[in-house]
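**Student:** Protein chains in written order, with my numbering: chain A, 1 to 135; chain B, 136 to 669.
There may be inaccurate statements among the hints.
[Claimed, not checked] Calculated cross-link-like contacts (lysine-lysine; reagent style DSS-like; alpha-carbon spacing at most 25 Å):
(1) B:K429 x B:K344
(2) B:K294 x B:K644
(3) B:K593 x A:K107
(4) B:K593 x A:K129
(5) B:K657 x B:K617
(6) A:K112 x B:K593
(7) B:K593 x B:K617
(8) A:K129 x A:K107
Read the hints as simulated data drawn from the structure, not as lab findings.
All figures in this text were calculated on a predicted structure; none of them were measured in a lab.
As a plain string of letters, each chain reads:
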Amino acid sequence: MTVTAAPLRILIGKVGLDGHDRGVKLIARALRDAGMEVIYTGLHQTPEQVVTTAIQEDVDAIGLSILSGAHNTLFRRVLELLSAQGADDIVVFGGGIIPNEDVPALKEAGVKALFGPGTPLDDIVRFVKELPRSR
Amino acid sequence: MNEMKERKPRFTSLSGIEIHRLYGPSDLKDWTPERELGVPGEFPYTRGIYPTMYRGRLWTMRQFAGFGSAEDTNRRFHYLLEHGQNGLSVAFDMPTLMGLDADDPLARGEVGRCGVSISSLADMERLFEGIPLDQVTVSMTINGPAAVIFAMYLAVAEKRGIPFDRLDGTLQNDILKEYIAQKEWLFPPEPSLRLVTDVIAYCAQSVPKWHPISISGYHIREAGATAVQELAFTLYDGLTYVEAAVKAGLTVDRFAPRLSFFFNVHNDFFEEIAKFRAARRLWAREMARRYQPKDPRSLQLRCHAQTAGCSLTAQQPLNNVVRTTVQALAAVLGGTQSLHTNSMDETLALPTEEAVRLALRTQQILAEESEVANTVDPLGGSYYVEALTNRLEEEAQAYFRKLDAMGGMVAAIEQGFPQREILEASHRYQREIERKERTIVGVNRYVEEGERPIPILKIDPEVERRQIARLSELRNTRDSFKMAGAVAALQEAVACGENVMPPLIEAVKAQATVGELCMALKEVLGTYREPVVL
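Whenever a hint applies, use it, and build me the whole structure from the sequences.
**Tutor:** Shown next as structure tokens:
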């Protein structure tokens, strides 16, 4: 008997106020081209909106882009809300303008991976493909 | 045949234009220097808008700066002026750019992070403490809430007794490129265009030396556009603003001499130089054809330039100094009026003082050591540069025709056209890098493991708390009755189609905050959600 796994469902979004969406759109497209189901939230999402959408859409992972320097606050808020909703099996990863020295603390807080400028799209696709499914 | 073998099957510019092995007279068949070049300072301004260019006066070295509180940024301004910079340029934080006060729940974690936090008139006064506003030109990068921030600036000047006709500077105030690229808008496109026109009309009347708009390609390019797209969309945005102002009853010569432009300078050296030259020629030709101005300054494209942030790499960040130098040289050879050079650490955080100083020194070395500023348009007449200039102008005109056919820029934006064109270009560029068809040193070639970290600017998290406390004090101590009256008067004036600036200045003086004023304007003008293009 063969089992065909359902495609991974990934929420990709911009959280916070910055509108720089060049990178996030390339990543959404690359994941979609790799056969995943991508839910793109669009701009200016609050952590609350992101988490609500993620739970409603039953996603396996959330990928967030932040270039405004608000990463320490916003990633933590998303993780807290997921945890409060009992949805901390959903993996959170992200990217943007994030100084290296902020990375360890964010990982400690539960961000699975952070991809800085210049990361090959293939690396991100590979990372997502290898994620455990939350469903 | 073997000796004719070349490194690559095809050579292309960064915009994808095929580049030949050699350029010569056959590439400029219908080209005459009289028609296509003219002389510097004369139509069609290909060689520059002034007869003497940098022999008369060097470009203005203007570093964009802003972080933390108004006091933090004020200190950086003084630092830059002390190190020989001659104009200021304000970077606001995300909440300010989005018209939100520092204590708005949506501002959490963002206050002072990527620019200075300005919510009140008192913040604005602190920002310019000790800066002689009648002597230093000030550029402000603000778009959605541009009219509000400008009202605050004018109120500061008024308080200090500086007459408005002594003020010189630039308000970015270019909302079309926000819908196209940077995505920081507050209202729908049509009402936004009306606010832009109000500022243009008010300046023509009351702040005559001010540049009420900086029509910007920078952000369009950063979002992934090619040089051709940057040129085409920016100039077409410019024509859209001119048309809106003329429709509002202004004669072209009353405001066009104060329009200014803002371009990106990316890595393709000659293509970038050609872009500046093509921009001047195309603007002069289009303005002459469409509006027949009598004042020659209405035909002149004045511009600021900034090196390409998107070209910088987090890997081997010292390499960014070299990239920035090459780009800055292209802007100078292209004939820019002012220039910002990026700092090497900006893919990681806002720049440190040391990094900014090095970026400023880069400009000073170009200006004062390299001798490149000794003659006007040194590349004029180069077969290659002239052919590229022609090609960029032609391709931009092809976009103009498409945009005309779509019913103009606002209609094109609502259909997602420029957004889609830019996304495709950005996707193409990324694919070329991933396939190593284009080299990015330190990223896809000459990669090093275990890089040494460089020092990074840290923003004190206290800034947010302090800003919130200050706002709370303001709300408790101001005359709320007077403030509410001024806000109501503003809403009424805007609903009646009156110019927004006079009631805004009154409301700002009555201590209404950026967030309160933007909310009041949204109640009258509406809000906007973009068509998602993916």
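**Student:** Now tell me if each hint is right for this structure.
**Tutor:** To see whether the hints hold, each was checked on the structure:
no.	hint	verdict
1	B:K429 x B:K344	holds (19 Å)
2	B:K294 x B:K644	holds (10 Å)
3	B:K593 x A:K107	holds (19 Å)
4	B:K593 x A:K129	violated (35 Å)
5	B:K657 x B:K617	holds (21 Å)
6	A:K112 x B:K593	holds (24 Å)
7	B:K593 x B:K617	violated (39 Å)
8	A:K129 x A:K107	holds (19 Å)
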